[in-house]
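Here is what each chain is made of, one letter per residue.
Number of protein chains: 2
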Amino acid sequence: MLTPDNRGLAYGDGFFTTIGVIDGLILWQDYHYQRLVSHAHALQLAVDSDSLLATLQAHAQLLQQGVIKVIVTRTVQAVRGYGFVANVAASPCEIWCKATAMTINTAQHTYLPDGNSLLIQPMTSAICLTAQLACLPPPLAGLKSLNRLDSVLASGELQRLKAKSLESNIELGFDKGLDVGEGLVRDMSGSWVEGTMSNVFYQLSASQLANNAQSLENFATSENSYSNNDVNNDASYSLDGQWFTPPLTQSGVAGVMRQVIIDAFAKTETPVIMRALNDDDLPNLRGLFFCNALRGVMPVTSLTLLSGEVLSF
Amino acid sequence: MLTPDNRGLAYGDGFFTTIGVIDGLILWQDYHYQRLVSHAHALQLAVDSDSLLATLQAHAQLLQQGVIKVIVTRTVQAVRGYGFVANVAASPCEIWCKATAMTINTAQHTYLPDGNSLLIQPMTSAICLTAQLACLPPPLAGLKSLNRLDSVLASGELQRLKAKSLESNIELGFDKGLDVGEGLVRDMSGSWVEGTMSNVFYQLSASQLANNAQSLENFATSENSYSNNDVNNDASYSLDGQWFTPPLTQSGVAGVMRQVIIDAFAKTETPVIMRALNDDDLPNLRGLFFCNALRGVMPVTSLTLLSGEVLSF
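Note that the protein sequences, when read in sequence, are chains A and B. Just so we're aligned, residue 22 is where the first sequence starts under the numbering used here, counting upward by one. Just so we're aligned, residue 22 is where the second sequence starts under the numbering used here, counting upward by one.
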């Protein structure tokens, strides 16, 4: 029974994960399991991850196609206020699961270098948002905690921009063109960190990289990098070349799909490089995609900057 | 009915306030009303503050002595994920109130320069914590939002230190001395911002102030400042002199009692000065108190720094 005393509601004291289910099986199960373990440790919560995983597998079997959302919160504590009892290694927790039946569109897909299949969404355009994400202390940075009010406000801004864009297209008599699919969000330090509901990967022009001592060491040109041209994939979007992704050590959520992609490229000649994406880098972008565990990869064809300038890829 | 779909639980999408009730009346009612109005505006929530205040007054009348906690959350939205519907000025909300009977100890009190009575807690000692608070974007900084996981971890650290301190006192055969009453917490920029459950006010040595151009303008020496010696107060703690408080424009919660005190000193010769409290300032501290709306002022006799050094006031 959920009450207003629940610390997840009162203080955002907990975490969540959203799990895709296809044919009764959990997508990226090992990664979700790792999230349970790492988040329980970071928040000092006593989660029996093995038992929870077994429960989720049973839910998935019943659901067959859809999404399971899991919320883990610290139980009500004997001490008043924000604190929690100190004489235990980890606090007891409450777990809420909600299964929602839906069909995950798997029509378009490609293959990662390690052979894993990856959903590819239709091309979309993106826009830089003015809303900013919190800079978080080390135990919280990268966590999918219940404290998501900064992402809520960023998503609200994106919704308003989408509504405005749709309206002006109708007014001007244009056909409904490319939708704005995602917003790119900065954190309080000014670095561009992630999308409103996804992580971001990007490519830079080679000239930019030549000037960038930090990146040179790991840089491999696209000529001798992994190529997916020899696999039978439906999607035309290429993942060739050197990808970068923001480090998420001070803000953002380190998503499951982000880690899947990092791991898939780890043993290629172009492993993904963790690199902050700053304002100076934006004119040198030559590729960008967003990703999350449910949608896979969302390739971006254009990015509208805060200045109104539009970059096309 | 509270469900796991509630956005307060799912994303911390809302705010709260905790209201003291004495003799059936709401303490600092105008300030709590202002919080309802300002937080609803910041989070784009459609709160009928007048109607909610009337409800709270009725609760207070029934409760007579105690605390009412109010949680306001955005209702479930038609759009999936973090976002909220864009075609309304503000989102509908759900409100949860919980009244808890308790006696607020009003034995010790003093008077503010504007004549308002102020609770004074027993002297306590404080300690600098290693846990840090998030740096928040402008609409969220200073808000009592439901995103309090950074304060939860800071309070957890304080609980552990209290337990350890109690244990070692018992082991060494000491009488239980001065308890550690509160922890001082930095934000991600390194500035000391507030307590784990309170705001902080501080005084600096005059020599420090003479070197500080920023502060000189508003500085008045304690000789010609407001004095509360002529009022009949039970407490020996003096609020004379120049007080500073961190600005809370990038982190922390701007509490009701903090604003009460700022307003009370506004028309004196020593209005409270908003001034960041940095590591360099700590050796020059000559006074410190924490405050919140339920406990009033918590005077601090000593502060243990991260180095282990103890400052006494």
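For the record, the hints were derived by calculation from the structure and aren't laboratory data. Some clues are possibly wrong.
Said to hold, decoys possible - A short, non-exhaustive set of chain A residues, derived as facing chain B with CB atoms under 7 Å:
hint, residue
1, PHE105
2, VAL109
3, CYS156
4, ARG169
5, LEU170
6, GLN180
7, GLY211
8, TYR258
9, SER259
10, ASP261
11, LEU269
To be verified - Computed cross-link-like contacts, DMTMM-like style, restricted to lysine to aspartate or glutamate with a CA-CA straight-line distance of at most 20 Å:
hint, chain 1, residue 1, chain 2, residue 2
12, B, LYS90, B, ASP51
13, B, LYS119, A, GLU188
14, B, LYS165, A, ASP261
15, A, LYS165, B, ASP26
16, A, LYS183, A, ASP200
Predicted, not measured: the structure shown is a model, and the values here were computed from it. Each residue gets a CB set at the ideal place from its N, CA and C atoms; glycine is no exception.
Here's how the hints hold up against the structure:
Interface hint at PHE105 (chain A): satisfied, since its Cβ lies 5 Å from the closest Cβ of chain B, which is below the 7 Å cut-off. This hint is violated: VAL109 (chain A) has a C-beta 11 Å from the nearest C-beta of chain B, more than the 7 Å allowed. Hint on CYS156 (chain A) holds. Least Cβ distance to chain B is approximately 4 Å, under the 7 Å limit. Among the interface hints, the one on ARG169 (chain A) holds; its C-beta lies about 4 Å from the nearest C-beta in chain B, closer than the 7 Å criterion.
Here the hint on LEU170 (chain A) is kept, as its CB sits about 5 Å from the closest CB of chain B, short of 7 Å. For GLN180 (chain A), the interface hint holds, the least distance from its beta-carbon to any beta-carbon of chain B being 4 Å, beneath 7 Å. Because the smallest distance between the Cβ of GLY211 (chain A) and any Cβ of chain B comes to about 11 Å, over 7 Å, the interface hint for this residue is violated. A hinted interface residue such as TYR258 (chain A) counts as satisfied when its beta carbon comes closer than 7 Å to some beta carbon of chain B; here the least separation is about 23 Å, so the hint is violated.
The restraint placing SER259 (chain A) at the interface with chain B is violated, with a minimum CB-CB distance near 28 Å, outside the 7 Å limit. With 7 Å as the threshold, the beta carbon of ASP261 (chain A) stays out of range of chain B, its nearest partner Cβ sitting at about 30 Å, so the hint is violated. Because the smallest distance between the Cβ of LEU269 (chain A) and any Cβ of chain B comes to about 14 Å, over 7 Å, the interface hint for this residue is violated. This hinted pair checks out: LYS90 (chain B) and ASP51 (chain B) have alpha carbons roughly 16 Å apart, not beyond 20 Å.
With a CA separation close to 43 Å, the supplied pair LYS119 (chain B) and GLU188 (chain A) exceeds the 20 Å bound. Distance restraint check for LYS165 (chain B) and ASP261 (chain A): the Cα-Cα separation of roughly 46 Å exceeds the 20 Å cut-off, and the hinted pair is therefore not satisfied. The straight-line distance between the Cα atoms of LYS165 (chain A) and ASP26 (chain B) is roughly 16 Å, inside the 20 Å bound, and the hint therefore holds. Annotation: proposed proximity of LYS183 (chain A) to ASP200 (chain A) holds, straight-line Cα distance about 8 Å (limit 20 Å).
Comparing the model with each earlier hint shows violations of hints 2, 7, 8, 9, 10, 11, 13, 14; every other hint is respected.
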